[in-house]
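Novice: Chains as they are written, first to last, in this note's numbering: chain A, 16 to 458; chain B, 40 to 214; chain C, 2 to 384.
None of these hints come from the bench; they were simulated from the model.
Even for Gly, the Cβ is constructed at its ideal location relative to N, Cα and C.
Please note that a few of the clues may not be correct.
Claimed, not checked - With beta-carbon atoms standing in for the labels, derived distance ranges:
| no. | chain 1 | residue 1 | chain 2 | residue 2 | range |
| --- | --- | --- | --- | --- | --- |
| 1 | B | A44 | A | I328 | 53 to 61 Å |
| 2 | A | Q88 | C | D48 | 55 to 63 Å |
| 3 | A | A26 | B | L196 | 33 to 41 Å |
| 4 | A | A294 | B | L41 | 41 to 49 Å |
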Amino acid sequence: MQTWWVELLCALLIVLVVPLIAGYIVLVERKVMADMQARLGPMRVGPHGLLQPVADALKLLIKEDLIPNNADQFIFWFAPVLSVTAALTSMGAVAFGPWFQVARDINIGLLFVVGVSALGPFGIVLGGWASNNHYSIIGALRSTAQLISYETTAGFALVSGFLLAGTLNVRAIVEHQRTENAWYVFLAPIGFFTYLIASIAETNRAPFDLPEAESELVAGYMTEYSGFRWSLYVLAEYANMIVVASVGTTLFLGGWLRPFPNVHWLGWLDAVPTLLLAAVGAYCVFRAGKQPARVQSLFMSAVALACFVVAAIFGLSAPFGHLPLQFMHDGLYGAFWFLLKVSVYIYLFMWLRFTLPRFRFDQLMRLGWHILIPLAFINVVDVAVALALSSEFGLNRWLAMAVTTAATLGAAMLLLRWNDKYSAAASAALLADSSIVEDSHAG
Amino acid sequence: MLDSAIFYFFAGIAVISAVLMVTRRNAIHSAVFLITTLLATAGIFLQLRAEFLFIAQIFLYVGGIMVLFIFVIMLVRLDVPLPQIRSGLQKWIALFVALAVGVEAGVVLWQARKVPGQGLLIPNPAPAGKLPPNTEELARGLFGSYLLPFEIASVLLLVAMVGAVVMAKKRTDAP
Amino acid sequence: MKILADTVHENAPQKTDTLFGSDELVINMGPQHPATHGVLRVKLKLDGERVVGSECVIGYLHRGVEKIAENRTYQQFAPYVDRMDYVSAVSNGLGYCEAVEKLLVVEAPPRARVIRTVLTELQRIASHLLWLGTHALDIGALTPLFYCMREREEVLKIFEKYCGARLTTHAFRIGGLQYEAYDTLEKDVERFCKNFEGRIQEYSDLLTGNSIWIGRTRNVGLLNSADCIALGVSGPVLRASGVKWDLRKAMPYAAYDQYKFEIPVGTRGDTYDRYMVRLEEMRQSRLICLQAIENIPAGPIMARVGKVLKPPVGEVYHAIEAPKGILGYYIVSDGSIQPYRVRIRPPSFINLQALDKMIRGHLVTDVVAIIGTLDIVLGEVDR
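Could you build all of it, start to finish, from the sequences and the hints given here?
Specialist: In C-alpha cells:
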C-alpha cells in the first residue's frame, strides 16, 4: 500500500510522456522510411530533424478546428478521445521493465491490455460515422471489420503463449521465461509469428492499411479530422503500436530479460546499455561541432550530455562490484532491454510498411479468416497437446514443442495450398465471368 | 473510505449514463452511453476484485456486443419508423410492470437493512482479499463442475453463428 | 454509353435505400484524385463493391494543340509536341520530326539517326520508370517510387547535358539534330546502362515474386488480344495480351533495324503481365542503348533542309512506337509554311477506351490499379 505513489507516478509518466514518444516514433519512421528510399527525411527542423515532432505538434495545436456541417458534435469530439483513452489505458498493465507498471500484480495482466485495446475500434467507427461523410463511414466500417477479424487471431496466438506460461500475470510470465531459460518465441515460434501478423493488422499498418491509404477512393475515417483531433488519432495509433509490441515482447521475447539471462559467461552483456548510450553520446558530441547553426550545436550538445548522464547512471548501477546505484539495477536494465526489444518489434513494423504493397480488402479478410484463424487455432491445440505430453508422459518440453510445431507447419502448408486452389478457382471463375460481362459497345 | 469513493464514482457514472441512454433521441448517442454504463459496471467488478469478470465484461460486452449494436444502428436507417401495432393499453401495461419491479426492489432493500453491517441478504460473504484469484476460480468452475453446460453453451453459440451466416448469405445470393 | 444516361449526377453518390444495399450507386472519381495520374474523371457505376459500368470524362487538359498546329510553322510546332506526353517528350519529338521529314522526303543522316535512337530509348526507360514508381505507389508499395526516381534522375541529367532541358526537351530538329553529342555522352550512357541492370533487379526483387503484388495484379484488368485489336490498343498493353506487334520491328524507323533486341510478349493480358512486359522492355532498351553507343557513325547531324520549310502538297502518316503505344502523326500540307492539319494519334487516348472493358466485374479498389496499368498521360489523352 505504501507504493501507490510509484504506480501513480508511472500512470502520470504514461499520460505525459507517451505522446512525446509517439511523436518521436513518427520522426523515426520518417527517417527510416527515408533511409530505405535513398533519401534523408526531415533535416531542417533541429539537427537532423530532431525537433520535427515539436514543430509538428505546435502546428497541429494552432490549426483551425474544423467540424463538418452536419456532423454530430458530441460524437465528433468523443471518438478520438475514446481512441486515445483506450490506447493509453491499456498501457496500464504493460510492464516496461520490472519496476514500471501501473496496475501492479493484476491477476489478469496481459488480458487487461488486450481487452482494453479492444475498445479502440469504437473510436474509429464512431469517428467515421460522426464525420457525416459517406466515404468516411465506409472506411471506418472496413477498418473496424479488419480490426475485429484479426483480434481473434491475436487472441489465439496469445493463448498459445499463455498456455506455455501457465499464467496471465505479466511478471509471472517473464519469470517463467527466466526459469525456463528460453524466450517463448523459441518454444512457440508459430504463435509469435501469427501474433506478429495479427498485430500488424490490429494497428492498421501496411500491408493492412487499406482503410487509411491515400490513393484509395476514400481517405478513411480520418478524412474530416484535422489539427489536434487528427493528432489524437495518430497518437492512438502509435500508442497502440507500442502496446502490441509490448505484449508481444512480454509474452514471446522475454520481456525485460537480457538475452541468455541465466548464462553467466555472457554476463558481459550487462555492459551493453552503458556502452551503447556512451557511444550515442560520443557520436552526438562529434556531430555537435558540425552543425551549421549555433542553436543546433547547442541542442546536439544537450542531447550528448543527456546520453552521458544516463550512461553514467547505467554504469553506476551495473551488477559488477559494489557500485552506488546498484539497487536501481533491475529496474533500469530491465527497462532498457524491454525498450530495446519493443524498438526492434516496431522497426519490423516500419520495415514491412516500406517494403510491401498493400492488400486489397477481400484479400485481407481472406487471409485473416481462411488462413490465420485456422492456423492460430491449430497452433493452440498443438501447444496444448505438447504440454499435455510433457506433463502427463514426462516428455521433454522442447521435444514435444518441436514435434507439434512441425505438425502445425504441416497444417499451415496444407492451408496455404488449399487457399491457393480456392483462389485459383475464384480467379478462374472471374476469368469465365469477364467474358460473360462483355457488353456491347453500342452507343 | 477510498473504497466508497471509488464505488460511488463508478456507480454514479453508471446511473447517470443509464439515464442519459434512455433519454437520448439519437440512437448512436444511446449506444455510446450504454458503453459508458457498461464500462462503469466493469469498474465496479474490478473494485470487487473480480478481475476476470471485469475484463470479460469489457472484452465481450463492450468490445463485442456494443460493436455489433453500433454496426447495426449504422447500417439500418432508423428514421424510417417501423410499422408497429400501437395500442392505448401500452402505457398502462408499462406502468404496471414498472410498479411491480419497483415494489420488488423496495422489498429487497428493506430486507437488506435488517442484516447488520453488510447490506446483503447472504450472511457471511468472504472478504474480497481472501478469495482465490478470480480467473482460476472461474476456470475451475467452468472446466470442472460445469463442463457440460459450458460445452453445450458454446455449441449453441456456434450453431447460432453458422445459422446467421447461412441465412445472410442466402439473402444476398438470391437475385 | 447508354448505361449511365439516366443516373448520372455530378458529384454526390446516388443511393436508394440502405447504405450497403445491392442497389446501384454511381460514384465519381476525379478529376482531382491522387491516383488518376492527371485530370481524369471516371464515373463508376457500382453494384455493392463491384464495378458494373464506367464512363471516362476527359478534356480537362485540352489545350487545342492540333488547332495551334495550323497556325505555326513546322519548326515552331515542334516544342508543342513535347507537351503532349510530357513524361516522354523525346519520343513525341522523334515522331513529329520523322513525319515532317517523310513529308519533305529527306532523311536524317546516319549519325543523327543513331543519336536519336539512343535518346529515345533512354526516354523509354525514363517513362517506364515513372510508370513503375507511380503504379507501385498506387498499389501500396511506397519504396519503388524513390528507386525509380533515382534512376530517372540520371537519364534526365543526360538530357539536360545534351539539350538543356529535362522534361520538355525539344531534342530533335526537322532533318536531324541541332546539338552535337556532347563529349561524354557515350560514357554517361554506358555508365548508366551498366548500373541499370542491377537496379532493374532491385525493382524486380521487391515486386515480381511478392505474393501481395501478385495477388493485387494477377487476373486484374484482363484484356484479351481480340479486344485489344478491336479497340486499337497498342504498346505494352497490346503486347501483354499476347500480340507481338512492335513498330520498331514491324516498321523500323530511326536506326532500329540495326540492333538486335527482343519484343517481350505476355500471355494473359492482366496487370501482372503488363508489369512484366514493361520491366523487360526496360532491359531491352538498355541493350539497344549499349549496342548503339558502341558504334555511333561519324558524319553530319543535319540533313540539307532549308531554313524555311515548305513541304510539297500532300499528306503523310508516320507512326512510332512511343513508350505508351503507337504514336502517330498525320500531317496534311497545302504547300505553305504552316501545316494545313496535324492530327495526332495519341496512344493513351485510344488505350483509355479499354478501361471500361477492363474494370467491369472488379472491385473499386482495383480501379486504381487498372488505371495505373494502362499508363496514360492526360496531356496526350486531351492534347
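Novice: Should the hint that Q88/A and D48/C are 55 to 63 Å apart at their CB atoms be regarded as holding?
Specialist: Because 35 Å falls outside the window, the suggested range is violated.
Novice: Holds or violated: 53 to 61 Å for the Cβ distance of A44/B and I328/A?
Specialist: Distance hint for A44/B, I328/A is violated at roughly 38 Å.
Novice: Is the gap between the beta carbons of A26/A and L196/B within 33 to 41 Å?
Specialist: holds (37 Å)
Novice: Regarding A294/A and L41/B, is the given constraint of 41 to 49 Å on their beta-carbon distance met?
Specialist: holds (47 Å)
The structure does not agree with the numbered hints 1 and 2 stated previously, though it agrees with the rest.
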